[in-house]
Amino acid sequence: MGNSAQASPGSPDVDFAQVQESEEFKDLRKSHRSFVFPVALGFLLWYFAYVLLAAYAHDFMSIKVWGSINIGLVMGLLQFVTTFGITTWYVHYANSRMDPKAAKIRTRLESQISAGSATEGV
Amino acid sequence: MNATSVLQHLAAADKSLGEQTKDTSWINILIFVLFVGVTMVVVFRASRNNKTAADYYAAGRSFSGGQNGTAIAGDYLSAASFLGITGAIAINGYDGFLYSIGFLVAWLVALLLVAELLRNTGKFTMADVLSFRLKQRPVRIAAATTTLVVCFFYLLAQMAGAGGLVSLLLGLDNGNKTGQGIVIAVVGVLMIVYVLIGGMKGTTWVQIIKACLLVVGAAIMTVIVLAMNGFNLSTLMDAAVQTSINEGGAGAALLNPGAAYGKAPLDFVSLALALVLGTAALPHVLMRFYTVPTAKEARKSVVWAIWLIGIFYIFTLVLGYGAGALIGKTAILAAPGGVNAAAPLLAFVIGGPILLGFISAVAFATILAVVAGLTITAAASFAHDIYSNVIVKGEPKPEMEVKVARRTVVVIGIVAIAGGILANGQNIAFLVALAFAIAASANLPTILFSLFWKKFTTQGALWSMYGGLASAIILIAFSPVVSGSEKAMIPGASFDWFPLANPGIVSIPLAFFLGWLGTVLDKNTENPQVQAEMEVRSLTGVGAEKAVEH
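Residue numbers (numbering that gives the first Met the number 0), protein chains in the order written: chain A, 0 to 121; chain B, 0 to 549.
Think of the hints as simulated: they come from the structure by calculation, not from any bench. All values reported here derive from a predicted model rather than from experimental measurement. Any given hint might turn out to be false.
[Unchecked claim] Calculated pairs, DSSO-like style, for lysine-lysine (alpha carbon to alpha carbon, straight line, at most 27 Å): (1) B:K453 - A:K103; (2) B:K454 - A:K29; (3) A:K25 - B:K453; (4) B:K453 - B:K522; (5) A:K25 - A:K100; (6) A:K29 - B:K453; (7) A:K100 - B:K453; (8) A:K103 - A:K29; (9) A:K29 - B:K295; (10) B:K454 - B:K522; (11) A:K29 - B:K299; (12) A:K103 - A:K25; (13) A:K25 - B:K295.
Based on the sequences and whatever the hints tell you, model everything.
Here it is, written out as structure tokens:
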């Protein structure tokens, strides 16, 4: 195989292109991408909105909200809150919506691979 | 407020704070020696099972998500994070806080787009993933080159920082370059020993121990500072403003944005871009995902890391304003170590010599743990990517790859010591920001394209990686950091035609564009079968590297 970097490259027992085209896999890919792409776009926009305000809108960010706490600090701390929130949300989503689908495909393919290598061994 | 003024009188009594801390520097050394002793024992015990390459580079993939997440925090929270951010908040107020937000939010890129997919498709290095479905040799060489360059700048920053830290922690004078040089050499030798003996397993344990000490130390200080201010952040900030007014400083402006970047907002936007996109492309961070058995554990690692790092940065906010309130800008800048002295001085003021000793030892441990992580990453990249896959073309003799990696560790250690001594006194924050900008430009586009864009080709990867690397370095060379002013690296010269201190805002979009352009202009296409395999593997974990059984 000439490439030590890959664990089981081009496993002859599995037609990966066929798996890639299967409805089951397309569904898994859709679950993944329909979550991570919009959420990534969302948090990046929110982060850059904050960065641009902090860089260019000093007066707005300096408005006091409570005691000496100003909008800038509140928005900064909200970045922490959204980061923690998205993390928790993603873990929940991945555990319930992605992992079962991935496990199903993985188990099927792994049994194909081991069945294949068993026949080769004979 | 009483506590504040009493402490200030105490400090001003006969000696400056910096001088008072010198009297007790033996405590710092003692606690540091204790840390080295304990970690050495742990590293030796961890080294027993270091047999194969998977043991040496990836700790047998046997760490749990929680352990690895703690180690990631230990790897990521460098001295620049702890001392640098606390100091920046103490001096510049709000603008110091901006740094920590970029450093934290960046982890979402790693969590959502990179960590699990990388764990499922790679083996030891970043280049494993990038070269998976493209032409092995050229892509591997490019990825190893960017890995080594990023590690080099990051390592240089840490080693140079060690010199400055020492002035404060061991009571050496700022001008004592020989003493600082010796300490840089000691840090380098310890790092070589850790990595040589312990491999990834030893390095990971050093990082876990350090992360726990760092978070606990910062938590203790945070609780004390908050208790002195009635557990009210607003009161604390008022105290910092009051101290600033008393010494004729910025006063209330400390709480508003603008103190550091008010005159160069675009510089800040460029830095913010590099920070948020750089983290998920730092090779030493990526390599940590291979130390867990499954993608699910890789996900857990990032979750742990995000919570630990986020909570830690909230502590630094309190510590920064605490240092501003209890010590003040003038005293901090006058102390040996300058801005970096804020956190240790605060420890001394609120907890006496013992807390100072503890925090100082933690700061040293921080440098050690980070340089160890960088060294093993660079060594793995050289041995696995360049030696095994390019020089001997994928057929190394058994055990040879690890042997090459170990020799590389020694070479890197020596280069780091020499570079650290030469770079001593250079602007550390600039070196770290440069490492982030290079990682975001040279690595991130290719990582994302090869994971998510089916048509991506070898030419696109090469254009993006080399183009991103070259543009980042060239723009830095012609930036105001290198020439054009008295504060620049080369004060006499002036070839600073690029106006920004950070190249990210130009080099990162350029690298994404080059990746796209190289692909659409490429006459060759890649093997769709391998692309299919990579995509199926990345999402399902089929054929992913398993944990080593011992």
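A quick look at each hint next to the structure:
Taking the CA atoms of K453 (chain B) and K103 (chain A), the gap is about 24 Å. The hint holds against a cut of 27 Å. For the hint linking K454 (chain B) to K29 (chain A), the alpha-carbon distance of about 18 Å falls within 27 Å, and the restraint holds. For the given pair, K25 (chain A) sits about 14 Å from K453 (chain B) by alpha-carbon distance, which is consistent with the 27 Å threshold. Distance hint between K453 (chain B) and K522 (chain B) is fulfilled; the C-alpha atoms sit about 15 Å from each other, no more than 27 Å.
At roughly 11 Å between alpha-carbon atoms, K25 (chain A) and K100 (chain A) fall within 27 Å of each other, so this suggested pair holds. At roughly 15 Å between alpha-carbon atoms, K29 (chain A) and K453 (chain B) fall within 27 Å of each other, so this suggested pair holds. Between K100 (chain A) and K453 (chain B) the alpha-carbon distance is near 22 Å, which keeps this suggested pair within the 27 Å criterion. A threshold of 27 Å between alpha carbons decides the hint, and for K103 (chain A) with K29 (chain A) the separation of about 16 Å falls inside it, so the pair holds.
Distance restraint check for K29 (chain A) and K295 (chain B): the Cα-Cα separation of roughly 19 Å lies within the 27 Å cut-off, and the hinted pair is therefore satisfied. Restraint check for K454 (chain B) and K522 (chain B): satisfied, since their Cα atoms lie roughly 12 Å apart, inside the 27 Å limit. With a C-alpha separation of about 22 Å, the suggested pairing of K29 (chain A) with K299 (chain B) holds against the 27 Å cut-off. A C-alpha spacing of about 13 Å is found between K103 (chain A) and K25 (chain A), which places the hinted pair at or below 27 Å, so the restraint holds.
Distance check on the hinted pair: K25 (chain A) and K295 (chain B) sit about 20 Å apart at the alpha-carbon level, within 27 Å; holds.
Against the hints set out earlier in the document, no violation occurs for any number.
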